[in-house]
Every structure is written in C-alpha cells, then in structure tokens.
Amino acid sequence: MKITISTTINGQPQEVTVKPNQTLLEFLRDDLALKGSVEGCGVGVCGSCTVLVDGRPVSSCLMLATNAEAKKVTTIEGLSQSGELDPVQEAFLKHQAFQCGYCTPGMIMAVKGLLVSNPHPTEEQARDYLSGNLCRCGTYVEVLAAVKELAER
Amino acid sequence: MGQAAQKAAVEIRNQLLEVGAKKLEARIEDLELRDGAVWVRGVPDKRLSITEIFKARFGASVGSMFGGYCFKTEGGLNPKTGKGKAAAFWFFSACGVEVEVDTETGKVRVLRIVTAVDAGKAIHPKQCGLQNEGSMLSGLGSALFEEMVYDNGQPINSNFLEYMLPSMEDQPLEFRSVLVETPHPEGPSGAKGVGEAALPPVAPAIGNAIANALGGIRIRDLPVKPDKIVALLNAAATERS
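Going down the list, the sequences are from chains Z and F. Going by the numbering used here, the first residue of the first sequence is number 13, and it counts up by one from there. Going by the numbering used here, the first residue of the second sequence is number 77, and it counts up by one from there.
If we strip away everything but chain F, and leave its shape as in the complex, we get:
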C-alpha cells in the first residue's frame, strides 16, 4: 500500500504540473511544486495555487485526481517448486529470550528478549523499534498471561483484572529489537511493514527457553500459566519415581 500511495502521489504531482504548464504557458520541466502551488522556476510571481489548478481542471475548487499502483500475486506459491509471488512481501524475524522458572510456584519470568526483524528500509528507525517492542511485549503477554475464558459461551474475564496484560513489572530487563535493513523492491523507498513481525517468534522462544530450563519438559499450551508448569513438573516427578 505504501508503494501505491507513493506512486499515486507522483502521478497526481505530474497531473498538477500538466495543468499548470498549460495555464502558465511554460514547459513542465521548468515548473516546480512547493508551498501548495505550482511555480515557474526563477520567476517569482508566476504561480498557480493548487486550488487554482483544480479550478482550471474541474471548473471548481474541488475534484478528484487519481493515481495508483497495483501489485498482482501469482495466486499462491508454485506447488512444485515452492517459489513464486504469493504476497507483496513477507516478514523475516528471529527472537532470543532468557527466562527464569520458579519450579515451586511455576512462575515464569522473562529476563531478556532480543528480536531481529527485517524492516526493508527503516524510514523512522526509532518508531520501527517501538513498533517491534510493542509486539515483543504483546508476544510475552500472549505467551504467559492472555487468555479469553468462556463459560457456556459467555466471556468471564472481560476486564483487565482477570485478563492480564504485561505490566511494567513484567517488563524484561533487557529488551531490544535489532533492525535488519534489506531494501524491499515492492515497498516505498524499500520499506515494508514492521511491528507485527516481532510478535510470532516470541512465544516459541519462551516455550523453548522453558523446556531448556526444565530439562526438556515441553509445554505446548498457551498461555503458560504457573499451574500448567507445576502440573507438568509433578507429572515428570511421578514418572521418574
């Protein structure tokens, strides 16, 4: 969509200049668009505001100019080769975490999360980082706390007391997202979406770290609540004895 917006903006700019060239009797190459008007370069008083251009083009100060860009997929991946254009872009991300598991209470505390996300081109790196951090914390929430509970179809935990979001106390001590920039041909200026990509690997990373901490005991049921860990530890102890 960024590509469409960018290309549409360029097309509409060209349309404005075309109308301006006719009205100002100048060549398009000699025109520039700035401060809401089309100017003839080097001639300070030869200008047409965008409103005037719309009046010239539509006979009124309002109207619609269009521009656009269309990306067509190939309808999916080639089943034989596994290759092809199935989407405008997809995401690559990786995540590492360090956890601490209290084997008596089953409480999991995430001490560190680091993700690396392919951002295409990070146009605003700080904002890209913040988007990824938000996803990392959401990933932590869905891995450890967040769950809709129903009783005969009725949601019974529809407030923040019973539907737990990560709070400042759950915030890992080290919390970092690394932006990997590989300009993407289908994105505006090489950019592509960031943010969501940092979410999917967080829960698996936490699950793997828990298994690693507990000597291979795997939990495959999210969210990883303390009672589930205690039950698994008890089951493993019974098996051993």
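Just chain Z, with the same shape it has in the complex:
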C-alpha cells in the first residue's frame, strides 16, 4: 500500500508516494537519495539523523514519512543556498568541529535548530540543547566553539 502526500523537501514542494511504515529517514535516503542524513542508533537517541521539520530538529528515524504531509523538511543537503555554505557549516569548518564526520550532518542540523529558536544561546543552553547529539570522536569542544561564534553574531 502506498500513500500520496504533499510535502516540501529542501524548499521544493512535491507530491510523493510513501509507504505507511516508512520512516522519514528511509524515505529521504532510499527514495530521494538524500544520503546526508544518516542512521546511527535507529531509536532516536544519537541524533545523527536529525533534520529540520518546520524549523525544528527531529530525529528522522522516529518520524513516519506520512507525517511529513504539509510540512517543510530541511536536510543537510538543503542548507547551502545558491552554492554558498550555510554559516553553521562555515563555522564547523573553521573550528574543525568533526573528525570522522558521521554525527556531523545531524549535529549541524541541531545547531541550526538551536539558532532558529534561540539566535544567541549561552554555552549552557547550547550544551542542554545539543546533548541529544552524540559524537564518539569527542569534538564537543569544537562544536561549542562554533556555536559560540555563531551566537555572538
């Protein structure tokens, strides 16, 4: 069985057919070939599959694709505008806020979500907000440095 939904992915309004049991993450990766969002744990704990849904960060492994009906979904692929990297991406590069890079797409989307809801977060607010995004390489210090720079803008 397939369900047709209207949704906006990275600024593109589209009608798509999804399976009722398909997660948003599976839909993005398998059907739209947007491989930037990655599955870490698959149970909404690690944050590596974070995407923005109507500007709020969501673990796309826990959301059903059908729930994207009438929603605006932004993935890491949709962050850069007309060839320019997003300021969050620039700040991550500048502070080298990653090593292996697996958590990075989710981490960047979570930081984006943080700054959308709170453009000038304190370090404590940032730690609290980002504590759902795990990084096994231990680059939290660099992520926090990137957030600090963005928060001071």
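It should be emphasised that the hints constitute simulated quantities derived from the structure, not laboratory data. Predicted model, so just to flag it, every value in this text is computed and none were measured. The beta-carbon is built from N, C-alpha and C at its ideal position, and this holds for glycine as well. Take the hints with a grain of salt, since some may be wrong.
Keeping only pairs whose Cα atoms sit at most 25 Å apart, straight-line, the calculated SDA-like set for lysine to any residue is [claimed, not checked]:
#1 Z/160 <-> F/254
#2 Z/106 <-> F/201
#3 F/301 <-> Z/144
So the derived list for chain Z, only partly shown, Cβ under 10 Å to chain F, looks like this [claimed, not checked]:
#4 108
#5 135
#6 138
#7 144
#8 145
#9 146
#10 150
Where chain Z lies over chain F, by a calculated footprint (3+ residues, C-beta under 8 Å) [to be verified]:
#11 206-212
#12 232-239
Following the hints, complete the assembly by docking chain F onto the known chain Z.
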C-alpha cells in the same frame, strides 16, 4: 607503518625515475617527478607520464612496484635489564583532572581534564589534538558510564539509552591536550601514533581525584556509577560509627 609507507614511496619514486632515465636517455639526477610525470629538468617537452613508465616497465599500463621497510623487535625486553626493542614505539602520556562528587547522590562530574601526550612529531597539530580529545572523552565515558551488561550471556543494554556515552552535558569545562614533541627515530618524519595514548591515564586520574575528594575512599570498580559511590560512603560511615 608510517615509516614503511614513507620508505616505500621513496623506493617507488626511485624505480619510476630509473625507468624514466632509460626511456628519456637522461641521468637520474636531471629528472624530477611532478604532476604525474617524470620530467627532464629544464626541458619542457621531455616528459613521460606515470602510465607511460608503467607501459615501458611492464608492457601494460598496470603493474606493481614494491618498496618497503621492516622493523624487527628483539622479541621482548631483556628480562635482566628491562631494556631493549620490544616494539617500534610506545607511548608516554599524563593526565590531570578535577572532579566534583555529590556525596548525597554519588554523581561525579568531571570539571577539567588536561592530558599531555608525546606525539613524536605532530605533523597536523590540530588533528593530533582532536584525536587526543576524542580519547579523553572516551576515557571519561569508560570511567563513569560505559559498561556492557549481560544477563545469562545476553547483552541487555545494547542501545545508547542504556549504554551511556558522554554527551555534550558531560563535556568538562576545561578540556585540553598538550602535545609534547620528541621526534621518534622509527616514525616517518619523527611522528608516531597519537590519540590512543590520551585514553589510559584518564580513568586512573578520575579515580585518584575521587579518592582525593572523598578523603581517601578508593573505588576500584569501573565504571564509577553513583550507586557504587553511595555504597562506599555508607560503608565508611558505618565503620566510623
């Protein structure tokens, strides 16, 4: 291994130049290797691409050129002197931490971690620092949180909800790794492995800091979960009364 890769690269470069010298009828000293080709210095159009060199050497554009380096240990340390070549290199590292222990709940919070690691030669200092930071956070995780729990042989905490990794909230406020550079003779350009060396001293440093905070109460069972601290504090209180 870095040494082997470096030496192999030099040997293969020399082999390419040897073949190039024959084909270009030039002396090896007059050749240079750049942009994927062997060039005769000062003669802009006298060149042979690496593919052409492989064709000259193997009769096909593919083939294998070898080079290498072998380090032999002495099979272990001399039992009498305790000296010798038992490994290509070993690591030296040190760690200091500051902890805060809640004596009611037993929760340990690590406020500062500073490690110093002998990096040989830090070819990419930022990346060396990041490697060490990763180890420091892993060390913190294995000291305080991470534990595989089994029930009759079955792992029962095989997800990140029950197997706790350090998160951004556990990140110490001060978190620094100092690179100490003593060029290592067995490493490429004096470098040796970094990263892992920052891990082993973290748990002992945390354990010592906890003992220091609790007036000498020692915990020797990792990870240091709050219930273990509370049990030790209770036992110490019972002993005193």
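Hint check results:
no.: 1; hint: Z/160 <-> F/254; result: 23 Å, holds
no.: 2; hint: Z/106 <-> F/201; result: 15 Å, holds
no.: 3; hint: F/301 <-> Z/144; result: 21 Å, holds
no.: 4; hint: 108; result: 6 Å, holds
no.: 5; hint: 135; result: 9 Å, holds
no.: 6; hint: 138; result: 8 Å, holds
no.: 7; hint: 144; result: 7 Å, holds
no.: 8; hint: 145; result: 7 Å, holds
no.: 9; hint: 146; result: 5 Å, holds
no.: 10; hint: 150; result: 3 Å, holds
no.: 11; hint: 206-212; result: holds (count 6)
no.: 12; hint: 232-239; result: holds (count 3)
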